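Visitor: Sequence:
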Amino acid sequence: MKPSKLIIFSILICLNTLAQSSTLSKSEFTKEFLKEISSEIKESKFVVISDLKIHTNDIAGYELNIFLDNAYDAYNSGQRSLTEVFNDQIKSIKNQQSAYSDNNIKSIFPVLKPKTYLEIAKKQLRDSGYDKETLPFYVETLNDDMYVLYVFDTPESMRFVSPEDVEKLNIDTSLIRSIASKNLDNYYHKIGAQLQLLDTKGNGTVYMFAADENYEASALVSSLFFEQASNALKGDFVVFTPARNLVLLVAPQDTLGLQIASKLAFQGYSELGYSISPYGYKKVNGNWKRLLF
0 MKPSKLIIFS
10 ILICLNTLAQ
20 SSTLSKSEFT
30 KEFLKEISSE
40 IKESKFVVIS
50 DLKIHTNDIA
60 GYELNIFLDN
70 AYDAYNSGQR
80 SLTEVFNDQI
90 KSIKNQQSAY
100 SDNNIKSIFP
110 VLKPKTYLEI
120 AKKQLRDSGY
130 DKETLPFYVE
140 TLNDDMYVLY
150 VFDTPESMRF
160 VSPEDVEKLN
170 IDTSLIRSIA
180 SKNLDNYYHK
190 IGAQLQLLDT
200 KGNGTVYMFA
210 ADENYEASAL
220 VSSLFFEQAS
230 NALKGDFVVF
240 TPARNLVLLV
250 APQDTLGLQI
260 ASKLAFQGYS
270 ELGYSISPYG
280 YKKVNGNWKR
290 LLF
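The sequence shown begins at 0 in numbering that gives the first Met the number 0 and counts up by one.
If you are wondering where the hints come from, they were derived from the structure by calculation, not from laboratory data. Since we're looking at a predicted model, the values are computed, not measured. Backbone N, C-alpha and C define an ideal beta-carbon position, used for all residues, glycine too. Be aware that one or more of the hints could be misleading.
[Said to hold, decoys possible] Just the calculated beta-carbon pair ranges, DEER-fashion:
1) LYS34 x ILE190: 35 to 45 Å
2) GLU163 x ASN64: 19 to 29 Å
3) ASN102 x GLN78: 30 to 40 Å
4) GLU226 x GLN266: 26 to 36 Å
5) GLY128 x GLY60: 38 to 48 Å
6) GLY60 x SER38: 14 to 24 Å
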């Protein structure tokens with residue numbers, strides 16, 4: 000006796016329901032992957048940020064965000080098994096770990112440049128026949144007045160990091176500043192970079208950040224600098240970066256100190272080489288905002 004179409008249809012519905020119920024949700028997928036990656040890379044601590052997003056502070060000493068959206072889509076399509084998807088993702092992360100151990104990445108440092116620097120660079124490149132849309136160095140905006148560029152700084156040479164370098168070294172672009180900041184903090188610690196109190200003859204309290212005459216202004220993207228400044232000034236502070244080798248700090252409520260620092264900043268901006276900005280900035284919601292006096 001042939002099975003009725005109704006019975007066959009019911010069986011198909013049942014099988015489909017079972018298949019759907021066995022598929023992991025985004026949350027379950029994330030938790031399962033957390034177990035796998037924690038088992039595979041035991042020296043790093045991984046935490047779930049949200050569904051399909053995992054974070055670690057220590058992949059070869061650097062931060063790493065792991066986005067699982069594409070992996071989940073591949074798994075959910077049924078074309079690849081859960082094991083295959085996880086293995087592919089873990090292989091990619093291990094490649095990232097290997098890349099972060101590269102001495103080239105450990106030599107990346109941030110440098111601050113004024114807006115005018117990019118304008119001049121673009122003109123010079125056009126005049127020399129450079130016709131590409133992107134600049135030959137990797138650039139990020141710090142605020143309306145300043146940009147962050149990156150350099151490979153080794154004992155043998157120094158050169159700008161290019162977009163091609165970022166791609167070749169497999170650097171997560173959302174983390175390049177974190178990588179450079181980590182390298183800078185390590186360097187500051189090594190050379191003993193610190194705040195020095197200026198003699199203002201009683202006209203307010205002004206600090207100067209002393210490093211190596213090259214990376215003072217880069218402190219604006221340094222966690223170590225921010226911690227030192229916050230401790231010394233008991234909270235918020237205003238920072239002036241008139242030149243590459245001069246950084247001044249004042250408490251925002253210190254009127255006399257602000258006057259002294261502002262005067263020194265404008266003087267330094269006019270007289271020192273590698274000028275950046277004569278203005279004072281305060282960190283507001285994670286961004287350096289220019290202050291008006």
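Visitor: Of the hints stated earlier, which fail here?
Guide: none
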